[in-house]
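Here is how the chains run, residue by residue.
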Amino acid sequence: MNIDAIAKKDIDRRAFVAASAAATATLAGLSLAGCSENNLQETETASSESGPLEEGAEWIPVSCWHNCGGRCLNKVLVKDGVVLRQKTDDTHEDSWDWPQSRGCIRGRSVQQQVFGADRLKYPMKRKHWEPLTGGDKSLRGRDEWERISWDEALDYIAAELKNAKEKYGNSSILYLDAGLEGYMGGVLNAFGGFTKQTGCQSDGTFEYYAEGLFGVTYGQLNDRYDILNSDYLVMWGNNPAWAAFGNPSYYIKNFKQAGVKFVFVGPDYNASAGFTDAEWIPVRPGGDTALLLAVAYSMITRDEGGSLIDWDFLNNCTVGFDSEHMPDDAKMSENFRDYVLGLYDGVEKTPEWASELCGTPVEKIERLADILGCENDCFISSNGAPARAKGAENFPHALMAVSAMGGHFGKPGNASGLDHNYSTLNRGATLVSLAGSYVPPYQGAGAVNPVDNTIPWSELWNAVVTGKYYDVGVLRGELHAPEERDIDIHVIVSEQKNVLQTQMDVNTGIEAYRKVDFACAQVYTMKTDARYSDIVLPICTRWEYNTTTYYDVATDKENTFARNKAVDPLFESKTDWEIAEAVASRLDVDFAEIMPKTDQQQWMDAMVGATVVKEDGSGYEPLLSIAEDDFTKYGVEGAPQVGRIPLEQFLRDGVYRVKRSADDPFVYIALKEFRDDPETNPLPTTASGKLEIYCQAKGDLFAMMKGDVERIIDPSPLPKYMDQHEGFTDTFIDWENKVRGPYPFQLTHVHYLRRAHSDMDNLPWLREAMTNPVFINKSDAEEKGIEDGDIILVHNDNGAFIRPASVSRTVMPGVIAIPHGAAVCIDEATGIDTAGADNVLTSSCNETAFLSNGWNGTLVDYEKYTGDIELLPDCDWPLDIPLPDEE
Amino acid sequence: MGQIGFYFDADNCIGCHACQVACKDVNRLEVGVDFRHVTSWCAGSGYDVHMYHVSMACNHCFSPACFAECATGAISKLEDGTVVIDEELCIGCGTCVVACPYGEPVLIEEKGIAMKCDGCVSLREKGEQPACVAACPQRVLEFGDIDELKAAHAGEDLVADCAVMPDSSKTVPNLAMVIKECMLDEDVDQLIL
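Those sequence lines, one after another, are chains A and B. Residue 798 in the working numbering sits at position 790 of the first sequence, with consecutive numbering throughout. Residue 14 in the working numbering sits at position 10 of the second sequence, with consecutive numbering throughout.
This is chain A alone, in the form it adopts within the complex (with noise of 0.2 Å):
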């Protein structure tokens, strides 16, 4: 037997670069601009060694830089400049106490997005592009492109923003913020300024509570080691196995091992429920207030002497229970036990009440009541996506209100709050960590931005098109009465940010790319705000150079990573930061004073300033030491220092993960010192140092945002049930007597793990893997005779796309789940999206309130596509090479 042949595998460039060119065969019946054949060239010369290929290569730990949730070891195995494999973390033997921080898919699937056919090669303009009219405009989306030189793309922008400043001013320009690198941002500033965006995104409506409005804000949850104490782990709305990737669900794995019973609250049954056999609560979009104030009268109604309800707690800690309990500053006599009774609006928030309004049968709002008791330690851990909807203002409010109910706040395995992204399931003090957070040069202290317009992001496309906003201020900064403003925007510069696909209504921000004079992307490969531009440049991955930025220092609390440039700038790509110089240099604009540091020199000092706790957590200390030499070898500036460990193990190993034991002391639960001593330890946020089920500060800043404007916006200080626009009482047109509307169908979208939010999604691999159906339930399913793998149209007012139906019964009835991030493509001729985009379906809110967003509040109907678009298997499409000629 010859297992040499076995053993030796060819693996080479070659080899990797033919794996990406499986990918290309032509998507007959579709006019894709930019999506044609692909004529596929090596990036680099193949190696030709032959032999074990692998002897010399040496393993480099890379970036995973994408905006996933999680943060995980990544490496790369390179030699000559060649990427032969990755792999994740193997540094240390993985343990409970000391587990490895092993990546997903995606991570794994890096080397396609860094050597992708599809990888950007030049600076590029649209055909038919004119200078300072734009050319025809309609083009945007659907033009070819050529190369140009980076002299004449970057002498293009200038002229651009120069044009567009004298003209129109600098509010005409539109700088699609949203917190990455934001270099270009800074250089904008010192020209003047930008029209900025503002509003709540991932976490929803928690944002309005971000300073603790109420008392709490996300984060103030408890470690792991005691999340093994809870009785139960309720997660609403969440799936750390897709959205938080990393350790999450490995954590989860170990609470149920250790006993933990697990419930799940949401409208789809998720990889994070299936595999902890969580009892599901069903609860439609947006439903979760109806649901949270039926439990809250269900408790109240059933509690014998404390058998559901935590007396103590409610009246030590909160205010606004009960007539008994007010705060000092409220100015109405309401309350919110009465409030659920009925007493103020005559509506008994009964389980009947509510399981119309949230689909959640009356049963389970009594056994989710039962579960949430004082007699349970429960560990609530809520996503954002119930946030995320139409008419959840009140949700996060609500949710403390029944969690305090329950006493679920400050002991130990109990908690609850907003549960997601970096460090789910682990929280208190972090551990070990990169020098402080990252901040764009734009948001830094002393940024000045001259502009004071401020779009909410849910009506940014409205806006441009319509040239019409109102501005409501900086959330988390100055917020003030809505005014009505006019804005003109006539120039659109995108660095990296892909809003076009992430916002809602994609069709309305198409209709806006087409109507400026102007719009510029950087990318790596051809993202929708890349496509529906002007002008392109590539730029480089960030395996090609070394910085730090916010998602390199988010991670989970007990480990912090390092990461190297492993080759070399692809083709003509450049950095961020070298962009934004040649821009500033062309503006006239001083870019040293804006970015002082290099990426080089914030990579450094990024480490230079890593702190990790005392072994007996009283404080923190340098976590490598860095010689003179090390300085020298990087071509950056520092002084020397002594650490815990060297530079160069932590560059090597890639990551440092402090050892945790049950007995050390970081084990941390959340407001115990708030719950054991209220008066001495008050919370500081609030005017009562308690939590505020009443909340005056609320009430009124939810009054300022309304102003004079119609708008559905409920100020009241207590957490009240608000009618949801687009929810699941317009399904029918006439609620009263139960006519259904023409859009039946609640719509929720889900974080997929094929891709980081629309990051990554041109990676066969991760095309093949999952392959982005859309989820119907299977009674709604059979009711409409669509059966599992029919191609379905999906749509509503806003937009369609057809994919195929993956027919579940892990979806409730009237509900559709879409995988959140899809690329949109849409087929010219009829209009119709093929790739399953879940933003051609969102809508802009205008009706609701100002900031909120409606990603799991829209409204669509489905049935089988009858049309004449053939739709490949998305591990089939084309890659999108925008350049096939060029060499």
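Hints are computed from structural coordinates only; laboratory data are not their basis. Built from N, CA and C at the ideal position, the CB exists for glycine as well. Heads up, some of the hints might be wrong.
[Unchecked claim] Computed footprint of chain A on chain B; a stretch qualifies when at least three of its residues, placed anywhere within it, have a C-beta under 8 Å from a C-beta of chain A: (1) 21 to 32; (2) 50 to 56; (3) 140 to 148.
[Said to hold, decoys possible] Not the full set, but computed from the structure, chain A residues with beta-carbon under 7 Å of chain B: (4) Trp104; (5) Tyr277; (6) Phe283; (7) Trp773.
Fit chain B to the supplied structure of chain A, relying on the hints for placement.
Quick look at chain B alone, frame taken from chain A:
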């Protein structure tokens, strides 16, 4: 020297496909070719539903159907029980592909041969774990001497069958699997994720 095999804790698998893509990475597999497959399933009804996932590669069976059916003698078992295909002897007839009840050997049309999971022989020679095992974020896959694996998990109920898998008596797979109760439920749908 013994017999290698896989331990798979289906009770804690999240169906994330990390094993499948790690396998692709190490074996440089193109779209359309996988030596490890992850499938997802759903049982139950109403709001009492159950989801599970099955991650399956070659089980390096005691009685491999691929080996039995191969007309050219290209399939053999290594000393440690790894079932391998000799690329020189394989004529790409596809018999093994049809024979395997687990759908494991894959016909590679461009090469004119069948290929399959070899338990990452080359990585094991370097002291590494098979790629799928090293990648698994849930630590639900293990590889090694099957008797040792069974001994290490002696307290668990280890099986090689469930409702969506073939009868293990046909090929006697070297698979020690922990399953959920719902994985015996015959009323089950495949769930495309």
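Hints violated by the structure (listed by number, smallest first):
Hint 4 is the one this structure does not satisfy, whereas the remaining hints hold.
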